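Chemist: Residues per chain, in single letters:
There are 2 protein chains.
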Amino acid sequence: MNLPLARLCTALGYRFQTPGWLEEALTHRSASARNNERLEFLGDALLNLIIAEYLFQHYPKASEGELSRLRASLVKGETLANLARELKLGDWLRLGQGELKSGGYRRESILSDALEAVIGAVYLDSGFSACRDWVLYLYRNWLTGLSDASDLKDPKTRLQEYLQAGQRPLPIYNMLEIRGEPHAQSFTVECVVAELRTIAVGSSRRKAEQESARLMLEQLV
Amino acid sequence: MNLPLARLCTALGYRFQTPGWLEEALTHRSASARNNERLEFLGDALLNLIIAEYLFQHYPKASEGELSRLRASLVKGETLANLARELKLGDWLRLGQGELKSGGYRRESILSDALEAVIGAVYLDSGFSACRDWVLYLYRNWLTGLSDASDLKDPKTRLQEYLQAGQRPLPIYNMLEIRGEPHAQSFTVECVVAELRTIAVGSSRRKAEQESARLMLEQLV
Chain A
1 MNLPLARLCT
11 ALGYRFQTPG
21 WLEEALTHRS
31 ASARNNERLE
41 FLGDALLNLI
51 IAEYLFQHYP
61 KASEGELSRL
71 RASLVKGETL
81 ANLARELKLG
91 DWLRLGQGEL
101 KSGGYRRESI
111 LSDALEAVIG
121 AVYLDSGFSA
131 CRDWVLYLYR
141 NWLTGLSDAS
151 DLKDPKTRLQ
161 EYLQAGQRPL
171 PIYNMLEIRG
181 EPHAQSFTVE
191 CVVAELRTIA
201 VGSSRRKAEQ
211 ESARLMLEQL
221 V
Chain B
1 MNLPLARLCT
11 ALGYRFQTPG
21 WLEEALTHRS
31 ASARNNERLE
41 FLGDALLNLI
51 IAEYLFQHYP
61 KASEGELSRL
71 RASLVKGETL
81 ANLARELKLG
91 DWLRLGQGEL
101 KSGGYRRESI
111 LSDALEAVIG
121 AVYLDSGFSA
131 CRDWVLYLYR
141 NWLTGLSDAS
151 DLKDPKTRLQ
161 EYLQAGQRPL
171 PIYNMLEIRG
181 EPHAQSFTVE
191 CVVAELRTIA
201 VGSSRRKAEQ
211 ESARLMLEQL
221 V
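Those protein sequences? They're chains A and B, same order as listed.
Following this note's numbering, the numbering of the first sequence begins with 1 at its first residue and continues without gaps.
Following this note's numbering, the numbering of the second sequence begins with 1 at its first residue and continues without gaps.
Simulated from the structure, these hints should not be mistaken for lab results.
Remember, it's a predicted structure, so these values are computed and weren't measured experimentally.
Heads up, a few of these hints could be off.
Identical copies carry no separate label here, and so any pair may be met within one copy or between two of them.
[What the hints assert, rightly or not] Derived lysine-lysine pairs resembling DSBU-like cross-links, with alpha carbons at most 30 Å apart:
| hint | residue 1 | residue 2 |
| --- | --- | --- |
| 1 | 153 | 101 |
| 2 | 101 | 76 |
| 3 | 88 | 156 |
| 4 | 207 | 156 |
| 5 | 101 | 207 |
Kindly generate the complete structure, drawing on both the sequences and the hints.
Modeler: Structure (structure tokens):
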């Protein structure tokens with residue numbers, strides 16, 4: 001392994017037996033036809049499973065919906081990009097000229113995709129168990145900071161509590177449209193808070209309302 | 001283990017060391033507060049990873065988009081429900097009275113959720129490697145039937161080829177709406193083929209068009 005990559009391995013806390021996997025994980029599609037997109041596909045699935053299992057084991061009373069929401073907050077691009085920045089992963093990316101000039105090494109999606117690709121690379125390098133250990137090490141600060149029970153509440157509840165805390169009027173949910181055959185309907189719902197409006201589609205009225213509330217929280221908070 | 005569950009294990013091709021996991025996986029939420037929803041959450045993530053890795057290894061030249069589409073066809077509810085029917089899983093489900101009367105043991109979502117829960121149960125019973133072996137055994141006929149390269153084409157290409165084969169006019173894609181801040185826009189696109197219209201939302205124009213084409217193919221084929 002060349003010296004710079006060895007330094008990155010130190011930062012990662014993982015030493016590659018086959019450094020070629022790491023090199024591929026650091027190569028953006030703008031730099032080469034052999035790039036990190038396939039590894040990202042694999043790493044995304046690994047991350048989803050590893051975080052799912054951690055939450056399943058550590059929150060034995062959480063419902064499936066609560067586990068899903070917790071996981072979503074941990075595997076979203078923003079969280080991954082923050083982890084990538086802590087590792088200074090951007091310094092090691094191989095980007096094409098265009099992306100280099102436009103500062104692609106700082107872009108959230110490029111950073112989060114590369115970190116997912118590194119997760120895939122660790123798996124190919126040494127298997128599931130070592131990859132799980134490394135991902136949980138990578139996430140150690142995020143996982144220990146998860147104790148806030150509000151993360152476990154659903155978006156409609158959180159939106160209501162947020163508005164009540166500010167003594168503001170409660171949200172109104174309106175059904176805008178029901179489409180599709182009876183066994184495969186999709187529901188379009190709007191959430192209205194004063195002058196703000198969000199719209200979401202879901203496979204049930206409840207799911208569409210929850211998603212519209214989540215979008216509203218994003219606008220408000 | 002009681003005799004009926006032992007018979008199910010024979011059908012599954014997997015013998016549980018801790019039959020309690022299997023019992024939980026077969027329990028619908030209509031039957032008990034201790035039901036299969038959490039196991040389904042875990043099993044869904046396992047299935048996504050196991051199929052992702054299989055495709056990654058067996059299609060070394062497939063792009064990330066092609067791998068994603070192949071996986072989607074393998075892990076969708078319809079495929080899982082078909083597998084569940086082959087195993088006669090519906091005969092072993094524990095359902096509440098309401099679901100029993102309305103024939104819930106035949107419903108696609110209940111069957112596919114239960115099979116995902118069984119995958120989670122196998123993992124808890126004997127770990128990742130054994131779970132992967134079992135899932136690939138379960139999917140053996142679907143995976144060997146994957147050779148059709150048309151599965152690898154994107155929906156817009158498949159829709160175009162389908163319409164050309166029938167000497168019908170090509171689809172028209174219209175941008176209906178662009179919402180959100182520049183760094184987090186969502187694009188609403190419609191796909192029009194004669195009197196049919198499908199609408200999809202995506203984080204890029206390309207993704208929304210592909211999704212609208214996929215929905216159109218579902219209507220046409």
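Chemist: Which numbered hints turn out to be false for this structure?
Modeler: Hints 1, 3 not satisfied by this model.
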